[in-house]
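K.L.:
Protein chains in written order, with this note's numbering: chain A, 8 to 1042; chain B, 53 to 340.
To be clear, the hints were calculated from the coordinates, so they are not data collected in a lab.
Hints may contain errors.
Stated by the list, open to error - Only part of the chain A face toward chain B is listed, based on derived beta-carbon distances under 10 Å:
no., residue
1, 8
2, 10
3, 13
4, 16
5, 17
6, 19
7, 327
8, 328
9, 329
10, 331
11, 405
12, 406
13, 407
14, 410
To be verified - A few chain B residues that don't get close to chain A, going by computed Cβ distances all over 10 Å:
no., residue
15, 69
16, 96
17, 124
18, 174
19, 193
20, 267
21, 314
22, 317
Beta carbons are placed, not taken as given, at the ideal position from N, Cα and C, and that holds for glycine.
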Amino acid sequence: MFKVVRGALRARRAQAATVLVLTGLAVAVAAAAPWYVSAAERSVAVADVDGARSSELVVWVAGRVEGSIAAGGTVRPGAEVVSEVEQQAGALVDLPGAGTTTSLRETGSIVSDLGKVGLRVVYRDDMCEHLAVEGSCPRERGEVLLSRRTAQALQVKAGDKVDFALSSQPPIEFTVAGTYQLSDPLGPYWALTDYGGSGALDPSGDGPGDPAFVSSDTIAALPIKEILADYHLRIPPGMFLDDLAGLRAALAAVGRDNGAWRVSTDAVTLAGRIDRERDLVGLGVGLAAVQLLVLCWFGLFFAVRHTAEQRRPDIGLLKLRGAARWRLWHLAISQSAVPMLFGAALGAAVGLGVARLVAGDVRQTASAAILSGVAALAALIGAVLAAIVADAGGMRAPVGDLLRHVPSRRRGWRAEVVDLLIVLVAAGGLYQSYATSVDRDDTTGLALLAPALVAVLVALAAARLLTPLAGGVGKRALRSGHVPAALGATQLARRPGTHRVFALLVIAVALLGTAVGGWTAATDGRVERARHELGADRVLTVQARSRAQLVAAVRAADPGGRQAMAVVRSLNGPATVLLAVDSARFAAVADWQAVYGGPPPAALADLLHPPAPAALSTPDGRLTLDVEVKLTPAPLAPPGADDPGGLGGGIAPTASDPVLVLLHLMNAAGDQVTVRFGPVSGPRASYTATLSGCDAGCRVLGVEPVARNFAGRSVVPEPGTTVTVFGLTGAAGPVLPPATLGDVSRWRAGVGADVVGPSLATKDGALTITAVRAARDPDRATLAYVVDSPAPLPVVTTANARTPASGDPRLPVFGGDRVPIRTVGVVGTLPTATRFGYLMDLEYADRIAENPGADDVPQVWLTADADPGILDRLRAGGVTVISDKTSAALTDRFGREAPPAALRFQLVAALAGLLLTAGAFIVVAAVERPERAAELAALRAQGLAPRAVSRVAWGGYLGLALAAIVLGIGASALAQAVTRQPIPLFVDGWNVLPVAVGPQFVPLGLALLGALLVVGAAGAAAATLLVRAVDEESV
Amino acid sequence: MSGLAVACRRVVHIYRAEAGDVVALSGVDLSIGPGEMLALVGPSGSGKSTLVALLAGLMRPSAGRVNVGTYDLGKLSDAEISRLRGTQIGVVLQGAARNLLPYASLERNVWLAQRRAARTEGIELEDPERILDLVGLRGKGAARLTDLAPGARQRAALAVGIAASPGLLLVDEPTSQLDSHGRDEVLDALETVNAERGTTVVVVTHDAEVGARLGRAVTIRDGRVGAEGRGGQDFAVVAGDGTVQLPPDVLGHFPPGTLFTVDQADGTVTLVPGGAAQIPESHTGDAA
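Just chain B, same shape as in the assembly (with noise of 0.2 Å):
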């Protein structure tokens, strides 16, 4: 299957609970082209496997929209929703555990994950030992979790999450608790996939370098989109609502409350603190 594409629009997700409620996703807007590779990054708490949990339909958006491919996973049934994981939509739990029946072996594990796609007319699967050895695992099919060395555990959570082919494979924490070999591991796995059958993959990560490396890497802060890396430079981004967020670097300078007047001259937008005594010369910055 090709990749789908992947469209947010002003996503809001609130957690009820007796303290109190809490904003998950504050206004979220992102679009993922079909095929494309990106990491979502950002701090713990800032809404990263939130926004991950919408997209793998594991939960509904409070507002906004999600759209996966031609769905609007918000109006999907329970069970459409659970056909479409089962068939288009791969997830990858952080922690390689997580991802398989300890008491299965890998094929079975995989072979298990085909399930819903095996009854699932135009899908056409491989073979449990050939997605296996796609994830670098060849002839590891009769093993089970225990067996494997970190690294491998995760390929072979990968394997599960790859297992019936989808169009987009959701990755949450590959790397964490990885050496750097194990890492690279890991996502030399994930170009393959997206090399080979054009998956769209998003990755959950608090590792930056797994942003660059992966081409595209979109920083979640406080559940908004808050900047973009694209080719090793950074971007912040318009939001739907037309806010930006501005680095925290530069952030930091400014305390809440401070007051800009804004200069646009040349295509160059300048922001002024509202008072020379009150900001000092070194202070100013511009955003782009």
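Bound conformation, chain A alone (with noise of 0.2 Å):
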């Protein structure tokens, strides 16, 4: 027998192939899903924690230990305190593997001669090894590490004492040993933690001042009762790829009531969005896999069952002959099951190759393996299910209707139940998937289905109406003596299994549509969102003494400006992002995108650049005050210009304290310069001092009449206390000239929210600055700012931004005081913004942001073909570049997640859908080859013209594929209009741009593309071959 059905395959050895070829694509597509799955579940995995937060690797555990003053209490050694915060947060947490560090932390204010300064001393492992340390490491007790900015608003520097003061007791004495800025601010060292940059994410974290770092024993010897204590671990990468487990048993502290200690981490976001990501893989991949095993499936069904036409009379003899059935049975099937069988082996090996070519190796290779063989052994099995579907006709027909050379073209009532069954199917599963889709987040198997649903129910309709439309076409071209249209027309509609073909092909060229349609539209999506995250096609995060220091150095390294920009981002909450730029230079180097609407970038840049006075500047050298002291009854509101003395109601001062005036100006690093004048007293006269550390200039900032406390530490003076400034006069000549200070449109009081005073009034060429008194003692202030920036600040805000209910709208600019703000423009939405957006210019932020925060981000944005000099001459204006990201690189990383891994399977069904089913359409077009050949021949032999032969073999078969891509294309289409996108294009849910939504034309035109040259080529290659083959019968 095996010699037989040998010889029966080599006889048939086209359709042999073609079987071998269909089995081998659907056990492929089979086995590379689990591998595949098993892979991209992996490398999501890695591409999720590489992109995720560092306060998603860390845990935090925080709480207390005894404090040196603690009942019964005494000063420990620090290492001692260390070890107990070690034993007590360890024993909370157990991550084999994890790095751990241990903070300790009190909360009070490091006090110099010239401010006072909110913040919290430090002690944190190794810190010293993460910190760009001036001078040296706190080692001692007493020994203090201040950040050069609080050493710079403190005017300290190593070597000076300072005072760190304690609420309720005495101010303890501490050496300042050096500075710091912090050399990986977005570093896992700092994660979690609110004493690096990657912002405070501790809510009571209280004052905006940068922490100071000592040494453990300077912590444990300070009087207090409870020290606060951190402890940090970072997770080991390894968990989240291996052990998501693992890592939740470890993590069931959080949330816990854990007495004294609290512990908190993102990692269980980071592992949720791990498990989303790996369930869209496998739903995506799992979802395209068995729709294109079905497809084959069915493909193969029809290939077999026109096979089986040929096996017909082999069948009707072998009865004729009394075989046994099991005989018929293994000569119909083995010439099925023997090409499938070297296809599945194919198949396997080719599958199981491509996707460790496409998605890399497996962690666990035998499971994989081992799932990847049971799939494969699924789809053969199916296939050779269909096999033996296809053949069972012929194994129940009559000997008789067997030997018939014609086979019956009754069409039975299964295949019209079937049919039904199939619509009814796909009609409610697509309203069950329409129903759902109310629901965003929800990426169920349906949604997925629902444009292969929409498919399913196209192409049958289309399958049902072709044979009358074809019939009724051939009976009119007829009658109208067009013959090839006729015959062509009139085959199509006779020849059996033509429409469920057809129905094959539009499913297909539907399912590529759709999956075309995905792909661009999450590939776009990517690089919008890549392009939208940055702002910029290429984003520096870096370091820098200041943010005027920063814009100083980036139009150094640009001074075309046209290449690089300086930017502070700041956030504002988790949804509000602040976006300060050097406004002149934002239309050239910002990557903004049509869709966020408003007017163009060039005009946004002048909205937030309005002109403004130009900077007062004076550089080193003696200074002399012209300078008047009053002491006036204190006034309870500013006065007007007439009334020097305030309005009725002050009272007269008791005291006067001696008064300091001092003069605020910020050099060309951004570093401010006080210079103090005085004491001044009495009437009118000249006080001098000398100015140094601006070189060739420094801008004022401001005049403040100060007093002294009894530490002799700066105050505001008594209320009442009068300072009229006549003039101030340089080397070079009159810094402040009385035009200046007599035009009070160039002074302001501090822009606070919560700021009382000074009053500021201007006379005959002279400014006068009174103290005034305030519910709120520390609300007073005297400082008289020189007015060189727009106040409220100009923002440009996105269209959702929210105003508040009541008063002026202000921003914490730069994460620090709240100050008035002045919509000037509204777009939809901003560069880098997610929810909220504003937009300002950095220079006139800057000018008028008082008491600044640690928490914003200075940037240097970058266009594409930024001079690569660039960055040495940003690192030679003194900025660190801490990060560096181009919006290729993000677009990349996206491109590593869930989404484009099931979509690119998708994709690669899809086309293996279309390749299989042409596959189908040349069995089919082989089959009925003979037959057709034999029939145009006769009538051409009758006197049809070889021209018009040709005509009803094109028009039958390229027609056919023709008529199938449109209608395919028309299903994607038409599901891409009632059917939202399958597939989310991101696992997180990002929205913050507009998807198209629709029919998308460019993706539909490339799917067409490909149709055309796979079905049109099949449909062109049957065309021909039935030419050439009537030819041959003709001679």
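Assembly of the complex is requested from the two constituent chains, each provided in isolation within its own frame, with the hints serving as guidance.
P.N.:
Next up, the structure:
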């Protein structure tokens, strides 16, 4: 029998080869899917961990241990305190292989002669390894390391003495050991702390000041009852990749009552995201594989059924000889099963190979291989079952029918019922998917299946209409004398199984359209998101001495102003982005997308940067201040120009402390420089002081009368203290000319929401500053600012930005005090914004911001064509680059997430499906070719022109192919119109930018091109071969 | 296996079709003795092939009884008929190519046709080579159908038909499209089979010479047994319902509706047309 089967396979090698290829395709997809899912699950997890925020890779355990003045407490060595924290906190979370860091902290204020900054003193393991220290690392008790910013604000340097003030305790004297800047503020070491630059996540963190670092002994010796302690564990990335369950178990303490200790982490969020990504990959790939498998099985069914036509006489012959049933099946099924087995072996090898090539290796090779094997076997069994069903008709047929040359064309009721069932199931599924799609986050199988269901409905309806339509066209063509058209249409109508292959082609083309649509939408989405999230083609996160230095360094690095822009990005809550930009460069450098709407970027820059009075500046040298001090009854409200004594009701001062006049300036590096005049007292007189640290010039910030308290520190003078400035002259001439001093519009008080005073008045070229009374003494201020920027600050907002229910709109610019703002433009959204966004001019914002916070992220935005030398010039300008991102790299990272992985597989599966149905089409044509060739040859013998034969052949096959392509693309467009994007573009549900909805013409065009290439080629091949067969028959 | 007797009694077969029913056989009575050779002749559409299909069990009669050996085919199940075809009734279809798998060798084709009989007790099968030898195809076991000349192809089909040593061999048009040499080869083979095995042979043919050579030729006309030729002499046949068909050449003289009186004297039956003015003298005839 084997020889007989071998002979049959040899004789029908084309059909056998087609069945082999089709099965190979089905098994390849089935075998590839589990391996691909396994590999993709790991690679998306790797991408997730790569792209995770530092806080997601760290567990934070916060609590308290006994301080030196606790009941029965003593001053212990710092190491002992640290060890106690490690024991208590470490017992709560057990993460094998995790790196740990212990911190101790206490909140207070550091006070110098010239200032006071609220901050925390902090000890942290290995802190100096993560700090760029100028001076030395604090090792001894009483040594303190201040941030460069704090030291600058306090105007102290290494070796100076400062006081650390704790409430209800006498000040403790510290020695400044040096200054620092964070060397890796975005790194995991600083994650989930409010010490670093990655954002203060501790809601209880008080004061915007940078931490001051001390040794553990210093903290242990502080006169406090409890020492606040933090214990950070850095989770090994391997746990996210291979042991999510173990990680979850280890994090069971999160959110639980652990007594004095609180465990928090964002790792659970990351774990959830990885789970969602894995689910999405599994679902997306699984559904694509199942769709293709079903398509393959149907394709195989039709291919086998058509080749079964050729086996009918064989079966009839065996039946005639009374052959046993099993022998009939053996002969019939072997002719399909043998090529299927070979195809399966080949397909499994190819599928695994391609999956490995595309998705990479998997960790658990054995289990992935077993799963792939099982899937491949299932695909093979499905294929064999399809073949059995296809051959079953022949087995049931009577011998007489089987031996007849022309098979019965009668259509059984079973086929009608199957069609009806498929339509009902598809319609039900489509409705269900439509109903569930209301929930945008719902990524169920049904939503993913919706396009396929639409395709099935369209295909079956079209296939049903095909036969009567072709028949009608044939009749009409015959009546009007168009013989080729009549013959082509009539044969189309009468060919058995044509409508099923047609339906299959429509479905395959529609699935390709959907897959290409999903793929291009996701690709575009990733590019747009990357562009949006970065804001420019390349973004450097940097450290600079100050915002002014950042601006200056960037301008120096790119004097043309077309390639680089200084940006400071900060957040106001999780959903609001504040973007301060060097607005003159905004239009040239920012990656402004049309979808943002609003005025063009160049117009925005003008709105953000209206003209303002020029800044006043002075170089180093001797300064002379012409000033008068008076003590008047303290005004309750700012007095008018004619009422320097204020409105009635003031009270006379009882004592007068010595008054100093401070001149605040800022040098080119952004460092604040203060010059002290006085003590000043009594009538108008000139006082001199020497300015240094300004080199070519410092910008004048303002003038501030202060008094001295008992400890010799600067404080706001008594209410009613009035200082009139008549002039300030430097070596180069007047620094504050009378025109400026006498123009009240050039002076303003502080813009802080709670700031009270000073009262400012100008008269006859002189500025009068009067300290006022306030309900809360700390709110009083006497600093008179020079106006050299607009106030309120002009901002451009996103359309959804909220306006305050009462009072002036304000923003905590750079994370510090809230400054008044004025909306000058509205756009849809802004680069890097998530929900709400504000855009402002960096220079103006920097000038108006008082007590700016530490939560800002200085950046340099670069264009794609930026000169590579810019980085060196930035470094030369004192800017340190701590991260470098490009939108291409970010796009690439998004490309490694789950949706692209699933979409990639869908695309491959759709292409495979198209090839498969084209193969089935070719088989159908090949099987019916001899018969059709004989018919056409007979017609040719009767006088039908050869050209007419060609037209019949081409019209029949290529026409069918083109009709299927058009309908398939139409079904895909319909699916895009009535269903939403089946696979979300991003697994985190990012939807800041609007996604194009409805039929997308470019992807549909691409799918059309692909379908034309594959199905069109199959149709053309079938037509050519038929014409050739007719020629041979006619010879 | 020795030859099987065949008996058809008032066999009627009607083809059901959408355009209307077609009566193919309308009361066939026929008896064939075991080991007899018989030709079924008649014009196209007369019902010859239908009768053979009924004898082969490929169709069931609409009415009447068909017996092959001891079996009443109308009462057998499909499986029993199938088994009968595999062991006792050999069928050779019209057109040699329809009887063989084109991709298998002659030896394999014969071997396949023996499979049912091989599983049945009491049947001794001959070697395929021997069977091919019997039909004059010695040494051609490895050949395929396309390798053979037309006459040899038909004998190859015959070899498949007799592969299981059937008691009844039904052969449809074995000599059509063959030259006289090929025809003789085929008929020789049939006679050899009949002579060596005693197989009852029924041959459907258009060729009167084939009928003459087989010794007994039954003419089927309009779905009935119209006449029978034996030993070179033609006979009309009285059917089971008492009807007798006149020979066509006689019938041509009498249009439908012609009335006869039937006279019987001295063992001779005379048919006398009803009116002398209506029927010319010369048109009177006898039927025996």
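K.L.:
Close enough to count: is the Cβ of residue 17 of chain A nearer than 10 Å to one in chain B?
P.N.:
With Cβ-Cβ at 7 Å, under 10 Å, it holds.
K.L.:
So, as I understand it, the hint says residue 331 of chain A touches chain B; can you test that by seeing if any CB pair is closer than 10 Å?
P.N.:
Because about 7 Å separates residue 331 of chain A from the closest Cβ in chain B, which is inside the 10 Å limit, the hint holds.
K.L.:
In terms of Cβ atoms, is chain A entirely out of 10 Å range of residue 124 of chain B?
P.N.:
At about 18 Å from chain A, residue 124 of chain B clears the 10 Å cut-off, so the statement holds.
K.L.:
Measuring from the C-beta of residue 16 of chain A to each C-beta in chain B, is the shortest one below 10 Å?
P.N.:
Status holds, d = 8 Å.
K.L.:
Using Cβ atoms and 10 Å as the threshold, tell me whether residue 193 of chain B really stays out of contact range of chain A.
P.N.:
12 Å, holds
K.L.:
Please settle this one: residue 314 of chain B was flagged as non-interface, so is its CB more than 10 Å from every CB on chain A?
P.N.:
42 Å, holds
K.L.:
A cut-off of 10 Å on Cβ-Cβ distance, and residue 317 of chain B was said to be off the interface with chain A. Does that hold?
P.N.:
Check passes; 50 Å lies beyond 10 Å.
K.L.:
So, residue 410 of chain A near chain B? Judge it on the closest CB pair being under 10 Å.
P.N.:
Status holds, d = 7 Å.
K.L.:
Answer holds if the nearest beta-carbon of chain B is closer than 10 Å to that of residue 19 of chain A; otherwise answer violated.
P.N.:
8 Å, holds
K.L.:
Closer than 10 Å between Cβ atoms is the bar; does residue 327 of chain A clear it against chain B? Give me holds or violated.
P.N.:
Since chain B brings a Cβ to about 6 Å from residue 327 of chain A, closer than 10 Å, the hint holds.
K.L.:
At a threshold of 10 Å, is the proposed contact between residue 407 of chain A and chain B supported by beta-carbon distances?
P.N.:
For residue 407 of chain A, the interface hint holds, since the closest Cβ of chain B sits about 5 Å away, which is under 10 Å.
K.L.:
Taking 10 Å as the limit, does the beta-carbon of residue 8 of chain A come near enough to a beta-carbon in chain B?
P.N.:
8 Å, holds
Figure legend: structure checked against the earlier numbered hints; every hint is met.
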